[in-house]
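Protein chains: 2
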Amino acid sequence: MITLYDLAFDKDLRPSPYCWRAKLALKHKGLSWRDEPCGFGEKQKVAFAQSQTYPVVHDGTKVVKDSWAIAQHLDAAYPDKPLIPDRSYAQFVNGWADTAINPAIFPLVVADLVERVRPVDRAYIVESRGKRLGTTDFAGFQAKAREKGVAALRAALEPARRVLKDQPFLSGQAPAYPDYILFGTFLWPRTLSKLELLEKDDVVHGWRERMLDLFDGFARGAPAA
Amino acid sequence: MITLYDLAFDKDLRPSPYCWRAKLALKHKGLSWRDEPCGFGEKQKVAFAQSQTYPVVHDGTKVVKDSWAIAQHLDAAYPDKPLIPDRSYAQFVNGWADTAINPAIFPLVVADLVERVRPVDRAYIVESRGKRLGTTDFAGFQAKAREKGVAALRAALEPARRVLKDQPFLSGQAPAYPDYILFGTFLWPRTLSKLELLEKDDVVHGWRERMLDLFDGFARGAPAA
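Residue numbers (the numbering used here), protein chains in the order written: chain D, 1 to 225; chain L, 1001 to 1225.
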């Protein structure tokens, strides 16, 4: 029996890109899980894992925090359908998404994010994200960021675009963990905002559509803003 | 018999990161080649290849332009010691180096670059690079770029850093094409400039030292500024 502790916003929105990596990894393995939605203020739920963040996976007697560790755990415990056929590639894409793509998206959706947390988490988010940005005028910050930030994000996606010009998935003919990493990153703004980040004729757009179709439209059917 | 057409600067400096990819790929395969140094103004030398750029490889009856095509040609023609064990990974790193790293380095060394071309190529470079930058005050532009640009480059290297924290090479226990791509990128400023881009305790620095040691110090021994 697997339990997944998944960050939850208001109206049961589930935006966390790191939790999406874990959910998509579980789906890739054909595993089902008990869903445990957790707000920012419910970190006592994952205290048993010595974690301050989501996702956490509780799999039998194994407790695993951090999406990268979860992916490795799943490949070790369920060797069928490898998630990470090439560890170097997966780790490179993981670092790239975390440091080049997620930070490029955050300013573009920060006001939408603040607006959609659970009411009980609002004060915490306003303070922590306000400190990070140096302002609590999230709407103004977001509008300004979008002026150049959408184009900058599209440019930053160029490494993925180069690969996707030649093949349907980042991992080749079928998706694997590098695809789930970047797709999880896109599910974050998709869950929070109506902002369209990609142009329709971008091969990254076509790839994202294929990813939305996976597992009987698992991600496409998730609640979104 | 293989001939490599390699971009040459004054005093036989060979800075081109794309030509380095080809030279390192040839070394990886244990192949030797006839060296054909070419200035910016000598593109007639590669007209037979319908190329406007270096490197070009002439291998028996095969003519191959573009570093990525050269790497693929070498793996097809000399299957021993694969250069590209994972095409997706190599293509991703190729796109990343070309669009996120090379453009971050260019402003940091542009004055050094202009200063070190062959005298006969000076006017062409001043005009083409001046147009790209919107100024011909290369020294002023470079000094200004270095104020924040060195730190920005170090941050942009984070995906490589994450991988190199866990293993000696981007490709695992031994180098392959992803390593040669990024190493070629570092050989470009190394050949042109005394600017140190990396901190000594950075794992990327340690990796670069290992790359400089490869093939009996092949790259370490190349002429540099």
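Among these hints, one or two may not hold up.
Here are the simulated DSS-like pairs of lysine-lysine, each with C-alpha atoms no more than 30 Å apart in a straight line [as the list claims (entries may be wrong)]:
{"no.": "1", "chain 1": "L", "residue 1": "Lys1081", "chain 2": "D", "residue 2": "Lys62"}
{"no.": "2", "chain 1": "L", "residue 1": "Lys1081", "chain 2": "D", "residue 2": "Lys165"}
{"no.": "3", "chain 1": "D", "residue 1": "Lys144", "chain 2": "L", "residue 2": "Lys1144"}
{"no.": "4", "chain 1": "L", "residue 1": "Lys1081", "chain 2": "D", "residue 2": "Lys148"}
Derived from the structure by calculation, the hints contain no laboratory data.
Holds or violated: are the alpha carbons of lysine 144 of chain D and lysine 1144 of chain L at most 30 Å from each other? Measuring from Cα to Cα gives roughly 25 Å; hence the hint holds.
Between the alpha carbons of lysine 1081 of chain L and lysine 62 of chain D, is the straight-line distance 30 Å or under? Cα-Cα ~40 Å, so violated.
Straight-line Cα separation of lysine 1081 of chain L and lysine 165 of chain D no greater than 30 Å? 27 Å, holds
Verify the proposed pairing of lysine 1081 of chain L with lysine 148 of chain D, using a straight-line Cα cut of 30 Å. Not satisfied, since the Cα-Cα distance of roughly 44 Å exceeds 30 Å.
Figure legend: structure checked against the earlier numbered hints; hints not met, in rising order: 1 and 4.
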